[in-house]
Structures are given as C-alpha cells and as structure tokens.
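Undergrad: One line per chain: the protein sequences are A, B and C, in this order.
Count the first sequence with our numbering and you get residues 47 to 433, in order.
Count the second sequence with our numbering and you get residues 270 to 402, in order.
Count the third sequence with our numbering and you get residues 124 to 384, in order.
Rather than coming from a laboratory, the hints here were simulated on the basis of the structure.
Some hints here could point you the wrong way.
Examples of chain C residues lying across from chain A (beta carbon under 7 Å, computed) [claimed, not checked]:
id	residue
1	ARG211
2	HIS212
3	SER227
4	HIS231
5	ALA254
6	CYS259
7	THR261
8	ARG278
9	ILE280
10	MET286
11	ALA287
12	TYR291
13	PHE298
14	ARG299
15	GLY318
16	ALA327
Please read these numbers as outputs of a predicted model, since none were measured by experiment.
For every residue, glycine included, the Cβ atom is placed at its ideal position computed from N, Cα and C.
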Amino acid sequence: MLEKALKGSKKYYGWIAALLAVIGVGFACYLWQFQFGLGITGMSRDVSWGFYIAQFTFLVGVAASAVMVVLPYYLHNYKAFGRITILGEFLAVASVTMCILFIFVDLGQPTRVFNVLLHPTPNSVLFWDMIVLNGYLFLNIIIGWNVLEAERNNVAPPSWLKPLIYLSIPWAVSIHTVTAFLYCGLPGRGFWLTAILAPRFLSSAFAAGPAFLILLCMLVRKLTKFDPGREQIQSLAKVVAYAICINVFFFLCEVFVVFYSRIPEHMDHLVYLFAGLHGHNALVPWMWASMILMVVSIILLVNPATRKNETTLVAACITVFIGTWIDKGLGMISGGFVPNPLHHVTEYVPTIPELAISIGVWAIGFLVLTALFKIAVSIKEEVSGVS
Amino acid sequence: MPKKKMYDQGKVFAGLAIFVGLLIFPFLLNLGKAAPAPELKLSDKAKAAKECVESKAYMTAEHMQLLNEWRETVVRNAQRVYVNSSGKKFEMSLSNTCLDCHSEKAEFCDKCHNYAAVTPYCWDCHVDPKETM
Amino acid sequence: MEESSRRTFLKLAGFSALGLGAKPVLDAFASSGGEQSKPMVMKGADALKAKRWALVIDTRKFESEKDLEPMIEVCHKIHNVPKLANKRHEIKWIWTEEFKHIFSTQTHAFLNDRVKHLPFLTLCNHCEKPACVRACPTKATFKREDGIVLMDFHRCIGCRFCMAACPYGSRSFNFRDPRPFIKETNLKFPTRMKGVVEKCNFCAERLAVGKVPACVEVSKGALAFGDLEDSKSKVRELLSSNFTIRRKPALGAGPSVFYIV
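Could you build all of it, start to finish, from the sequences and the hints given here?
TA: Structure follows, in structure tokens:
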C-alpha cells in the first residue's frame with residue numbers, strides 16, 4: 047500500500063517538498079543544539095522544561111483522541127465512524143511520532159537514550175510513559191494498516207485484530223493519564239499537584255484531537271474524491287462540544303480549589319499565568335486569549351445552528367485547537383515552574399532555534415500524517431470506485 | 270501474475286552500478302593503505318612498575334570492561350579500592366591512578382583509540398593533568 | 124561485549140555482596156597479599172561510614188554573606204563547579220538564600236531583623252524519601268546505603284525529570300560544556316559534561332578517604348556532620364539540645380539537613 051504515498055499530483059509533491067524544507071531547517075538547528083547543548087534554548091535552571099515538553103504533552107492528547115472514533119465504532123457499533131476510524135488512527139500515529147521526537151530533542155544526552163531500557167526503572171513515570179507511548183504507536187500502526195488492507199481487499203479484517211482494537215481503547219486513555227502522572231506526582235510543584243490533572247488532560251485532548259480531525263476531514267473532502275461524510279463530522283462536533291465544556295468546567299474546579307483555599311504554593315502559579323507575579327507577566331495575554339477562545343468555541347459548538355453550519359464549525363474547531371494549544375502547549379509547563387520552589391520568578395521564553403526545532407518536529411509529524419492520509423484516502427477512493 | 274518485460278533496463282542497471290560503486294568506494298580508497306598498528310610509548314614510571322593493575326594481556330583486551338566496572342563500583346557502591354589477582358591494592362581512579370602511571374595520555378590512550386577509531390567520552394569529564402595545565 | 128561485561132559486573136557485584144558478610148576474612152586475605160584467584164573491590168580502610176549522614180547548620184554563628192563565602196568557595200572549587208555569567212545556565216551546589224525563600228512555607232511578615240536579613244546556606248537535602256530518585260528513569264540519581272543521594276554522571280540522559288521533582292530547587296543542569304567556565308580545575312576531581320544534571324554530593328569522595336565534607340571543615344564549627352542513626356553522634360547531640368527546623372516539612376521528603384535558627 048505504501049506506493050500510494052508516492053503517486054500524487056504536483057501540489058502533493060510541492061507540499062511534501064515544503065515540509066522537507068522545514069524539516070531541514072529544524073534538523074540543522076538540532077545539530078547545533080546537539081553540538082552546543084540545550085543552552086541554545088530558552089530553558090533555565092528554574093524553568094527546566096519548556097516548549098519541547100509542552101508540545102509533547104499537547105500532542106499526547108491529540109494522539110489519545112483517536113479513541114473518540116474507535117470507541118463508538120467498535121464498542122457501540124456506530125457504523126458511521128467506520129468511514130473515518132482509519133483517519134483517527136493515522137492521526138494518532140503521526141502525533142505519537144511527534145511526541146517521541148519531542149522527548150528526544152529535549153534530552154541533554156540523547157546518545158544515551160537507551161539507558162532507559164538498559165536500566166529499567168519502574169518507579170519512574172517516564173519509564174511507563176515510554177512503554178505506553180511506544181505501545182500505542184505500534185497498536186495504531188498494526189490496527190490501521192490491517193484494517194485498511196482488509197478494506198482494500200474487500201474482506202473482513204483478520205480476527206486476531208479484534209483484541210488489539212479493544213486493547214487500544216484503554217491504552218489511549220493510559221497514554222494521557224501516564225503523561226499527566228509525570229507532573230501531578232511531583233511534591234514541590236503546586237500547579238500540577240492536583241488529582242484532576244489527568245482528567246483535565248483527557249478532556250482537553252478529546253476537544254483538541256477531534257477538532258483537528260474535523261478540520262482534516264473537511265480538508266480531505268476538499269482535496270480528494272473521498273468524502274468522510276457530514277454525519278461523521280457532525281458526530282465528532284458533538285464530541286468536541288462536550289469535551290471542551292468539560293475541560294473548562296475542570297479548569298474552573300481548579301480555580302475554585304486554588305483560590306478558595308488560598309494556599310500560596312498552589313495559587314501563585316495561576317496568579318502568575320493570569321495576572322503576573324512580581325512584575326513578570328509574559329504569559330498573561332496568552333492565557334486570557336486561551337480562555338476567550340475556549341468560551342467562544344463553547345458558544346459556537348453548543349448552539350445547534352452554529353454547530354451544524356460547517357463554516358462556523360470550522361471556526362469553532364480552530365478556536366478549540368488554538369485555545370487548548372495555548373493552555374497546554376504554552377501555559378501548562380511554564381506555569382508549573384514559575385515561581386520556582388524557592389519562590390523566585392524566572393520567566394521562560396523559547397528562543398528562535400528552539401522554535402525552529404519544534405516546528406521541524408511538527409513538520410515531521412505532518413509529513414507522516416500526509417503520507418498516511420494519502421494512502422488511506424487513495425484506498426478509500428479505489429474501493430468506492432471514484433478514482 | 271503473467272511475466273512482464275523489464276522496463277527501464279538501462280536506468281535500473283545504471284542505478285545499481287552507482288549504488289555498488291558508492292558501497293565499495295571506501296574500501297577501494299583505502300586498498301593497500303592499511304595504517305600500521307601504533308606503538309604505544311610507556312612512561313618511565315609505567316616501565317619501572319613493570320605491571321599494570323592486571324596482566325598486560327588482560328589490560329590490552331579488557332581495560333574498557335575493567336574501567337566500566339570500576340566506575341560502577343566507585344560511583345554506585347562507594348567501594349574505591351581494587352584488590353587485584355595477586356592481592357595488591359589500588360585506588361580505582363582514572364585520573365589519579367591510571368594517569369598517574371600512564372602520564373602520557375596522548376602517547377598511550379589516544380594513539381590507540383585514534384587507530385581503532387573509537388572516541389570514549391571519559392575525557393569529557395575526567396581530567397588529564399597534562400591537557401589542563 | 125555488552126553481555127560479557129554485564130556478566131562480569133554481576134559477578135563482581137555478587138562478590139562484593141558476599142564481601143559484606145565475610146568481610147573480616149576477605150580483609151585478612153587482602154592484607155596477607157597471598158595468591159588470590161579473583162580480583163575484588165572494597166572500601167578504603169579510612170572511609171567514614173554511617174547509617175544516615177546528616178548536616179546540622181547552626182545559623183546563629185553566621186552574620187553575613189562573608190561568613191558563608193569560604194564554604195561555598197571551597198565546595199565549588201574542589202568539585203570543579205563552573206561559574207557561568209548567564210543566570211539561566213547557573214550551576215551551584217551550595218549557595219545562600221534569604222529566609223523567605225529557603226523557608227518559603229514557614230515565613231511571615233514579622234520575622235526578627237536578624238533572621239530576615241541572614242543568608243542561609245542552601246544545598247541538596249539528601250532526603251530520606253528523595254523525589255528525584257523516584258523520578259529518574261535510569262537510576263542515574265540514586266540513594267546510597269548511607270543516605271547520600273548521588274548522581275551517576277555516566278548514566279544521566281539529561282531528561283531533567285529530577286529537577287522537576289526536587290521540591291528544593293537543589294539541582295543544576297549543564298546547558299553547555301562547563302569546562303571553559305572553570306577557573307582553576309581541581310585535577311583530583313572530574314568535571315562534568317554538557318547535558319547532565321548535577322548537585323551537592325555530601326563530599327562522597329572525601330568521606331571515602333576519611334575526611335568530612337569540605338564545607339564542614341572550613342565552617343569553624345558552625346556546621347556539624349554525622350550519623351543521624353547514631354545517638355552519640357555530634358549531630359544527634361545538637362538536635363537534642365537545640366530547636367531545629369527543616370525545609371518544607373509538610374512534603375514528607377525527610378531532609379537530612381537541619382537548621383538551628
């Protein structure tokens with residue numbers, strides 16, 4: 047089936063070439079980082095994780111959200127999603143690939159990465175994160191590939207695939223839960239030290255992922271002869287609507303606990319993010335923008351008229367995606383480190399090379415996504431006889 | 270599948286030839302030019318000592334394993350004294366024991382490592398007194 | 124190669140474990156200089172030993188930064204701690220903080236003037252239940268039998284999970300090659316390389332040869348170092364005769380550094 051990714055229009059090849067150029071720039075910057083050390087980034091002794099880990103966290107969510115199409119189809123026999131499960135699974139593959147790469151570019155000694163296997167340490171959450179991420183990657187590759195191949199050959203998928211599909215459902219939940227456990231089990235970081243962190247991660251994931259999938263479905267409809275279907279998109283829109291509401295609700299729960307209890311170690315981080323602390327306020331406009339975007343998206347998604355209108359739906363999905371990205375990809379990690387455990391404020395701003403490396407990793411993800419979607423869509427066209 | 274005529278025969282074989290050419294290029298380049306094995310120079314102190322912490326043959330073949338074990342026991346088990354096969358005691362320290370005798374790192378360690386094209390990262394942290402002074 | 128090295132290491136490890144039980148016998152062996160079939164490893168004869176090392180800092184004996192400088196200086200000098208001008212890349216093993224920072228959960232607005240302006244020595248607490256050790260995915264940071272929390276720089280992959288986990292901000296990361304920033308290199312101690320985390324090691328290398336930590340040595344009696352499990356030790360004596368505090372007690376990490384305020 048791979049050959050499908052190699053045959054495409056001039057536009058397709060142009061897009062691939064553009065991605066490769068971006069990857070090239072990112073890779074050059076990575077070589078610089080490899081040579082010099084992580085000092086070329088904006089990270090510091092006080093904010094020791096930055097943009098890379100934040101992107102990783104956000105993308106784990108996008109990856110986990112594949113379960114939102116897999117679960118209704120396989121557990122509730124919601125037939126309509128049969129058309130797009132493969133798109134969800136391939137989105138997960140591309141996202142997990144990016145997650146793993148973001149962890150890798152964040153390492154100070156990347157050549158020693160296999161020490162994690164050589165000296166397995168079950169008490170470290172990172173050890174489990176490695177297992178669940180790689181497991182999820184392989185599950186989705188195996189499931190997606192075999193289901194698609196069966197569809198192409200017009201036969202039922204092999205029976206051994208079923209248990210793997212059922213396994214992939216809790217597994218999707220596990221990747222984001224374990225990722226939240228990376229942060230929420232740390233004793234000295236009041237911002238993350240909350241049992242609702244994993245649920246919050248999941249709710250924002252189930253908003254951002256399906257919102258992105260809706261946008262992709264519309265793009266596929268526009269660019270190819272395969273139509274993922276209006277019913278499918280509308281069902282996904284309802285998922286996004288519920289998830290973004292729950293996400294904002296969880297956030298407000300957090301706000302209540304923190305500000306009603308008034309425990310400084312928990313409160314100061316939110317104060318820093320939304321009002322600034324000791325004159326440091328780089329993230330304040332971003333965080334308010336995130337809140338406004340999420341509220342706007344709730345209005346657009348809950349209201350049936352704007353949800354059913356595909357133009358406003360696109361706007362809603364973009365606001366969800368950007369709003370949750372700011373929340374998780376910018377605020378969530380920096381916010382936990384400011385102020386530091388000694389109550390000093392060191393702000394974090396990513397540097398140009400750091401952003402170039404991040405964009406490079408995103409471009410690798412999009413390259414994987416493009417190739418996989420091209421394969422999936424070509425086969426869908428072939429099967430339905432429209433090509 | 271019915272047998273088909275091979276298309277683009279010329280291109281396929283040209284491509285293959287280029288691939289094989291690239292593959293064997295490094296071998297051709299170095300053909301008959303094998304560098305002679307380096308001769309290690311021992312410092313006077315090492316010569317006088319006659320013997321390293323273990324036999325010469327063992328050290329030549331296994332010094333990397335020995336150093337690996339040393340670093341594990343020193344750093345992780347807090348045991349810093351090595352008692353060799355004949356009961357002699359040594360402090361397990363690269364900079365302070367090994368380099369004390371083998372004071373010519375360039376002549377002793379580097380020469381052979383360069384020949385074997387290995388770059389152990391010992392020296393990223395461990396100090397060679399000669400190079401820092 | 125990897126396989127065989129692991130096997131030999133296991134043998135060695137097993138051998139040294141055996142050595143704990145049969146130490147007197149083996150010691151006799153070693154000193155007799157007789158023929159032995161297998162090499163072995165052991166602690167130095169002068170090594171200081173304890174069940175749980177602890178440090179008591181008598182802050183009443185300090186008045187200003189000046190009194191603390193010698194301790195910081197000697198530590199950073201003997202351990203080849205680089206001095207980086209860029210605050211973001213700063214590396215420190217022991218330094219000073221004001222009360223409101225080091226004891227951020229115990230401060231209030233009406234502290235007496237002495238405590239309010241007094242610099243406090245800040246370093247790794249060598250916790251009883253270290254969060255950094257729990258977080259490390261490679262056991263590059265680990266707790267030794269004598270309670271010291273150490274770094275194995277050979278193994279650290281630079282993921283900085285330990286830095287996020289440490290509730291005391293005790294850890295530094297080498298954001299770049301530290302060597303150009305070390306004024307005078309102590310030839311007896313290694314430097315670090317870029318991409319690894321470092322922190323105070325309670326002078327493990329000095330304890331191994333029978334010396335107390337360098338900061339304690341130059342403290343003119345203001346710092347006491349000893350075994351917390353030994354009721355007759357100097358630190359226990361100080362703890363029983365003075366009121367002491369530890370940092371962030373509510374976290375339950377169990378710091379081994381105590382402050383007499």
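Undergrad: Hint check: is the beta carbon of THR261/C less than 7 Å from a beta carbon of chain A?
TA: Holds, about 4 Å.
Undergrad: Does ALA287/C pass the interface check with chain A, least Cβ-Cβ distance below 7 Å?
TA: 6 Å, holds
Undergrad: Verify the interface restraint on HIS231/C: the C-beta must sit less than 7 Å from at least one C-beta of chain A.
TA: 12 Å, violated
Undergrad: Double-check ARG278/C for me: the hint is only fine if its C-beta lies closer than 7 Å to a C-beta in chain A.
TA: 6 Å, holds
Undergrad: Hint CYS259/C vs chain A: min CB-CB distance below 7 Å?
TA: 6 Å, holds
Undergrad: Hey, does the ILE280/C contact hint survive, CB to chain A under 7 Å?
TA: 5 Å, holds
Undergrad: Would the stated hint for ALA254/C survive a check requiring a Cβ distance to chain A of less than 7 Å?
TA: For ALA254/C, the interface hint holds, since the closest Cβ of chain A sits about 5 Å away, which is under 7 Å.
Undergrad: Does the nearest C-beta of chain A fall within a distance shorter than 7 Å of the C-beta of MET286/C?
TA: 4 Å, holds
Undergrad: Mind checking the CB of ARG211/C against every CB in chain A and telling me if the closest is under 7 Å?
TA: 3 Å, holds
Undergrad: Can you verify the interface hint for SER227/C: is its Cβ closer than 7 Å to any Cβ in chain A?
TA: 4 Å, holds
Undergrad: Would the stated hint for ALA327/C survive a check requiring a Cβ distance to chain A of less than 7 Å?
TA: Since the shortest Cβ distance to chain A is 20 Å, the answer is violated.
Undergrad: Do the numbers back the hint for PHE298/C, that is, is its least Cβ distance to chain A under 7 Å?
TA: 4 Å, holds
Of the numbered hints listed earlier, those contradicted by the structure are 4 and 16.
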